[in-house]
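Residue numbers (the working numbering), protein chains in the order written: chain A, 67 to 396; chain B, 6 to 387.
Heads up, some of the hints might be wrong.
Claimed, not checked - Now the stretches of chain A that chain B is said to cover, found in silico as 3 or more residues with beta-carbon under 8 Å:
hint: 1; stretch: 117-127
hint: 2; stretch: 255-261
Stated by the list, open to error - Covered stretches of chain A, as calculated for chain B (at least 3 residues, CB under 8 Å):
hint: 3; stretch: 140-150
hint: 4; stretch: 180-187
hint: 5; stretch: 211-220
hint: 6; stretch: 345-358
Don't read these hints as lab results, they were simulated from the structure. As the structure is a prediction and not an experimental result, all values here were calculated from the model. Glycine residues also receive a C-beta, built at the ideal position from the N, C-alpha and C atoms.
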Amino acid sequence: MLVYAARRVLTSVPLVLGVATIVFLVLALAPGDPASVYVRPGMSPETLEHIRRNLGLDAPAHVQYGRWVLSFFRGDFGYSLASGMPVRARILAVLPNTLILTSVSLCIAFVTGVLVGVVQAVRQHSFLDSVLSGASLFFYSMPSFWLAIMMVLVFSVNAGNAWGWPVSFPPSGMASDGYELMKATDQLRDRIHHLVLPAFTLALVLAGGIARYVRSSMLEVIRQDYIRTARAKGLPEWLVVWKHALRNALIPVVTLVGVYFPLLLSGTVFIEYVFAWPGMGRLMVESILLEDYPVVLAGTFLFGGMVVLGNLLADLLYGIVDPRIRHGEG
Amino acid sequence: MARGRWLGIALPGLPQLLRGKWLEGGVALSLWVGLLAVMLARFDRIVEAIQGGVDGRVAVLTLLLVLVGVWVWSWGSVREGRSEQEAGEGIKWGILPGGWAAFRSNRMALLGLGLAISFYLAMVLTPLIAPFDPLSMPAFEEAGDMRLRLAPPSAVHLLGTDQYSRDVLSRILYGARISLTIGFLAVAISVTLGTFLGAVAGYWGGLVDSVIMRVLDMFMAFPSIVLLIAIVALFEPSIFLVIAALAFTQWPFTARIVRGEILALREREFAEAARALGFSRARLLLRHLLPNAMPSVVVVATLGIGNAIVLEAGLSFLGLGVRSATPSWGTMVDQGRAYLLDAWWVVTFPGLAIVLAVMAFNLLGDGLRDAMDPRQGTRVDP
Chain A
67 MLVYAARRVL TSVPLVLGVA TIVFLVLALA PGDPASVYVR PGMSPETLEH IRRNLGLDAP
127 AHVQYGRWVL SFFRGDFGYS LASGMPVRAR ILAVLPNTLI LTSVSLCIAF VTGVLVGVVQ
187 AVRQHSFLDS VLSGASLFFY SMPSFWLAIM MVLVFSVNAG NAWGWPVSFP PSGMASDGYE
247 LMKATDQLRD RIHHLVLPAF TLALVLAGGI ARYVRSSMLE VIRQDYIRTA RAKGLPEWLV
307 VWKHALRNAL IPVVTLVGVY FPLLLSGTVF IEYVFAWPGM GRLMVESILL EDYPVVLAGT
367 FLFGGMVVLG NLLADLLYGI VDPRIRHGEG
Chain B
6 MARGRWLGIA LPGLPQLLRG KWLEGGVALS LWVGLLAVML ARFDRIVEAI QGGVDGRVAV
66 LTLLLVLVGV WVWSWGSVRE GRSEQEAGEG IKWGILPGGW AAFRSNRMAL LGLGLAISFY
126 LAMVLTPLIA PFDPLSMPAF EEAGDMRLRL APPSAVHLLG TDQYSRDVLS RILYGARISL
186 TIGFLAVAIS VTLGTFLGAV AGYWGGLVDS VIMRVLDMFM AFPSIVLLIA IVALFEPSIF
246 LVIAALAFTQ WPFTARIVRG EILALREREF AEAARALGFS RARLLLRHLL PNAMPSVVVV
306 ATLGIGNAIV LEAGLSFLGL GVRSATPSWG TMVDQGRAYL LDAWWVVTFP GLAIVLAVMA
366 FNLLGDGLRD AMDPRQGTRV DP
């Protein structure tokens, strides 16, 4: 296992390097002079040349590239043009919020997806199966930003007011006014209250795809001989399905964690933007609107890095669950 | 059966319906009746369109071609009572080893195909069928009625009006052009590029393969939308940039699948035979390997169109998409968001259009995959 883990970690390093390279290429190919943002009316050409030298823009491309990659690996992303703060400080301030949102959503998505997929597989070709398949496809095909708006429309605009439902959820932000003055338990409740809509929206988009995958994986397992044996032994059906079958059906699903990481992070960009959740995605979108390129590029790099990390974790997890993987490779 | 045949002159599709071919007959008949109704009800528009620009002429031409096509097909398929024998054989499509029959039996896939074709048909015919001018703002004309702003769905405005009293349905119809065109073109480019690179990597192997695959891994490490945002934000926004950026970020999905197919195909006997016959590498790849990889490419392309539509809508939603007089669906959702409290229809229906279009391509892609793949079930390969 250790050998497998070490190999897998080592292959991730060039990937992160590649991610930084692509970000550099996008910046290098973009039209315009990066120093132009500092240009002020009445500035002499000498001053501009000076700024270019200070920024290291006079160096040849490969030197710039080397410096760029090195600084990214050190976690030094320069300064935000809009706020003047170090980019790292801005990102560190919002990164935990993104991690909370994504991890909660991922859990909800997997629990929902697995439940739905198993029910569909057990009741294959039934009416329920068709309905759930249709629903999965519907959510799977949905742009997450639109689903987010629909959730706001239903659960926060109309639920409490027009329709008189007992529950409604805040449409934006992650804390109510006076959050700092609340007791710890109230703070937790308030945070969860704000988390419900964004987390479920993000989870729903993913759960559709997961359910489709679990269904087919479950269908393959449930036809196998050992399942028939378990049934023949007279074990109750729920035990056969939820213990014997699901355990093996879940093995390929673990790799999905890796596959779904890019989707999850793409989703957060829109969800955070719509729900005004102060995370990485919202920071990215806001920075683009402010033309704050250092933040955009650092964010792009970090998103790529998170995907690489997520894939790495999924592969390691896969190695733990399925011994064939690590022995086959190691 | 002769009776049914003559019915086909006036109502193509009806003879097929009478013979129990409900699907073909139903589609033909509804197309015929529907398009004739459009012709009669919108005759003034047709005259206008012929005198007007390219849009209108294309629409009229398509309308006529579809009408003639439906009629000729219906007439031909009942001629000499051939239909029964032919129904068994079905159409032999190169990309469908399972055949049209396997695809036909998949109702969801048929639904997807029907939806996708309707979307493109509606897109082309928009100048003839849109109920209103998507840019006209009656509330702001002289003696305009301000109650026409944000009017809820009604018999006149089926999907309501927006804050400038423009008809939402007409805007969705016109917006389809941007969304669907970008989706189609971006996928055409990315699939071509991906097929080429995937085939080269799979066939040549060695260093070429390693280099292409490592680059591919790097691209796939980005959440598509994040890389897209970065590209579109740094360059001058235009329709070409959006298409190029989509193609630039989506090619790895095709390349990975084509490479896998080529790797498997080059070991098969027919490839061995072609090599033994002394065919050149290029001939082997182009004439023998790639055609056999085409079914997978078609599936990836179909699913890719849905994906491209969602990504384009996302970019537009963030204000980074194409700027044009009639906005794309994503832009409409973005603009309607401000009126969520007063007018739910402005933001709901354009989004629903996105969902339907994407669902159509996902259903079609899944159906094609199932028709080609003898193994049961749908699998997710994002």
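- Failing hints, ascending? Of the numbered hints given earlier, those the structure breaks are 1, 2, 3 and 4, listed in rising order.
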